[in-house]
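Each chain is listed here by its residues.
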Amino acid sequence: MEDNASTIRVYRSTLLALLALTVLTVYTGKFAPPGLGSIAGVIIIASLKAGLVAAFFMHLRFESRLIIAVCLYPLVVLSLLIGGTYLDVATRTKEASPAAAGEEQIPQQRSGAASPGPSH
Amino acid sequence: MNENTANEPSPPLNYLTAERGIWSWWMSTDHKRIGLMYLGSMIFFFFLGGFIALAIRSQLFRAGSTLLAPQSYNVAFTIHGVIMIFLFIVPGVPATLGNFLLPLMIGAKDVAFPRMNRLSYWIYALGALFAFGALFMGVDTGWTFYAPYSIQNRWGVVTMTLAAFVLGFSSILTGLNFLVTIHKLRCPGMSWNRLPLFVWTLYATAILQVVATPVIGITLLLLILENLFGVGVFNPAMGGDPVLFQHFFWFYSHPVVYIMILPSMGIISEIVPVFSRKPIFGYKALVAASIGIAVISVLVWGHHMFVAGMSDAARIAFSLLTFLVAVPTAVKVFNWLSTMYKGSISFESPMLYAMAFIFLFMIAGTSGIHLATLATDAHYHDTYFVVAHFHYTIQGGAVIGLYAGLHFWFPLIFGRVYNEKLARLAFWMVFIGFNGTFLPQFALGMEGMPRRYFTYPAEFEPLHQVSTVFAFLNGTGYSLVLLNLLYAAFRGKRSPANPWGSLGLEWSTSLPPPHDNFERIPVVEDWSYGYAQPQTAVRLKQMEEASRAAQLHQGPQTPHEGPPRHMQPEQAYDAAKLGMWIFLGTEILLFGGLFCAYIIYRLANLELFATASRHLSWPLGTLNTVILLTSSYFMARAVSRARSGDNDGIIRCLDLTLLCALAFLVIKGFEYAAKFEHHLFPPPNIYFGLYFATTGLHALHVLCGMGVIVWLRGLAENERFSKTYFTPVEMGGLYWHLVDVIWIYLFPLLYLI
Ligand code: HEM
Ligand SMILES: [Cu+2]
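Line by line, the protein sequences are chains S and D.
If you read the first sequence in this note's numbering, its first letter stands for residue 1, the second for the next number, and so on.
If you read the second sequence in this note's numbering, its first letter stands for residue 1, the second for the next number, and so on.
Don't take each hint at face value.
[What the hints assert, rightly or not] Capping the alpha-carbon separation at 25 Å, the derived lysine-lysine pairs in PhoX-like fashion look like this:
{"id": "1", "chain 1": "D", "residue 1": "493", "chain 2": "D", "residue 2": "421"}
{"id": "2", "chain 1": "D", "residue 1": "723", "chain 2": "D", "residue 2": "668"}
{"id": "3", "chain 1": "D", "residue 1": "541", "chain 2": "D", "residue 2": "493"}
{"id": "4", "chain 1": "D", "residue 1": "184", "chain 2": "D", "residue 2": "723"}
{"id": "5", "chain 1": "S", "residue 1": "30", "chain 2": "D", "residue 2": "675"}
{"id": "6", "chain 1": "D", "residue 1": "541", "chain 2": "S", "residue 2": "30"}
Worth flagging that the hints you see were computed from the coordinates, not collected in a lab.
Note that this is a predicted model, so its numbers are computed, not measured.
So that you can see chain S by itself, here it is in the shape it has in the complex (with noise of 0.2 Å):
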């Protein structure tokens, strides 16, 4: 990894495949029609430029597995979070909660309610 002309090499390549990426992104988010599709893909590509600084700005790939672990494990903590909070909102009804009694699923109604974002 000194700085030899095959490391920079690397490095160049890099840089262009993310900022191809970025195009791509780009694309996808403002262009492609809007969606479920588009989110995904967004978050698709993001991740394959995470990887990619992760990989070769970051060395990952040289790493041991303990490294490699240290990084995968607060991913899987959060998807536990994530995982866990979606599992309560996406199933609440109105007799599951006496909270929302009244109103339909909590973060819609309300937020229905609420300012409607700054649109006019």
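Since the structure of chain S is already known, use the hints to place chain D with the ligands on it.
Then chain D with the ligands, alone, in the frame of chain S:
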């Protein structure tokens, strides 16, 4: 040195006497001194919190008592909770006994990052200062800070949560330090399957500290921002969901109860075999149980929210998962009992505490099962049943464990012995006082007495009176413990070497240990639980001799400045890298909380987010993305320049990185200015709340990163790096790339979709 012993046998220098003066303590990087400083501060807060508890109990002695005004009562239980949780038992055993013992138990001269260890104490002190300030600001939310009550723009809450945030940072540093220490600094022969069980529990605890604490960090930060600017995430008036606060809060605060109790369990595993003179039963099962508890504890947080309005599906899932916790905890209890079975047990004070722990923890755990059951919890929730449950776990478990450890390792820490008779008397006062205080509270809870009320109907009076009377006995018992130990620390008789006949490595150095712990890094040949074996007597003899020899050899030491050189360069590099990656993991989780909030609200408000995101300028966002990616490229080059030993190259690449960072911030500044002009700040809705919270926090990280780069540049200008030493550049680089990676996600989520 010989002359010294011949003439006046001046007492040998140890870590306590190596340097003198308060300043030498405050500036010390010695893990033993830091552990003691933590211990002193925490015991202070323990007694402060205890006094407030007695005030609370006095108010509750009579139905309709007016000792405390209703509002003062609310403030009192809040202060009691905050002090006991955040200032006392969360740092708890790891920061005190953990700090003191971890290096001694694995045969190291210090923890991996001694200066970071000191920093963690300083940060703790800062947090304590904030908390102290907040004490006088009348916070009355309870230690749980539930929204929306806590988001009504009150400076008290802001100060108090800031304190908790700062204290969390200190906790992360301790955990990180311990993880790296355990991975990189074990002495030869100290393999994973010989690691003392206390160290294993510190390991499991440290994992929880680094993964759970960042989530409370971001939660408290959001709470602060909510109070100051109104982000909306927890505010029903803006479409936010207060139950989300509870999710976030308990995602940390359930694991934190295991941060409190796991190390105490480790202490029990150390004490029981010594006083039963038998090898520990089921070493591997105990290790697996520690790790199992750590894993399960991040899966069960919802059990605190059964009646908060969670969905049925979530309630059933969390209830089921909670029952799982009982398995590894029961494994521990059975193993301790099996260790004692047919042992020749002696009942000195450490063992008394250890057995009390097992007894009390059983009551605690079984009451937890009642609470984990949906139907019964609907009745018990927010009653004195819960109060009794968590006092049995925390005081009966974590605190009693800490006291067990203090009595056990006291001769090692101070080189002196306490009065055993007094210690036993105090123990029985604590034990009886504790049970007398909290057993009646189970009954009160079952009868429907709610918690956090300053008064109650007359029919609850008798049980409350019993509780109060025994609470004073409990408090007197703790005071007696303190007096006994304090006196012994200064005036006690000198302890003989290895007074309990333990096989633990920590006892093979002099009492108290020298600054460097061991004269020579020891080599371990066996685990430390081999009691009642043919070779046990021989090994004990060897240890005693080693301890005495260490005492003699320990002539006057030159006072040490800074951390001892306790690592080989290669080891230091590995340690730094591991530490950095763990730190990056905590950063991911800090932002992770925001991502989680984003996902929840995004999926619930597709339209709102899609329209609102059009107010951001995607071309500027794209430009900033390109800039940041380029900066990462230059940073990577700076690191490879450093590896080739090209100093000018480092400086050039760092300058280019800095330039990119500056450009990023300038563009960000323009974007913010435009938002301010369009009155999008304070945020009109959750989308903008999240926009400002995430990009603001990210910009703060960019600023920190720039600070790091400037510092690295300075080092490079002073030619501090070489082909063989470039660790700081590489670590700074890793941090910078992470800032980039976070932006890689923020950009599409906020600007594009
Ligand atoms: C078998 C093990 C355990 C189980 C099944 C369990 C279960 C529970 C449940 C279901 C609750 C919520 C009750 C409610 O609010 O309605 C609770 C509260 C609590 N538990 Fe446990 N628990 C266990 C062990 C522990 C341990 C080891 C600790 C601490 C060291 C602890 C500390 C707490 C605290 C502090 C609360 C109440 C927090 C508050 O509302 O202020 N628990 N426990
Ligand atoms: Cu819990």
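Right, here's what the structure says about each hint:
1. D:493 / D:421: holds (14 Å)
2. D:723 / D:668: violated (37 Å)
3. D:541 / D:493: holds (22 Å)
4. D:184 / D:723: holds (23 Å)
5. S:30 / D:675: holds (21 Å)
6. D:541 / S:30: Given that 25 Å is the threshold and the Cα spacing comes to 76 Å, the pair is violated.
Comparing the model with each earlier hint shows violations of hints 2, 6; every other hint is respected.
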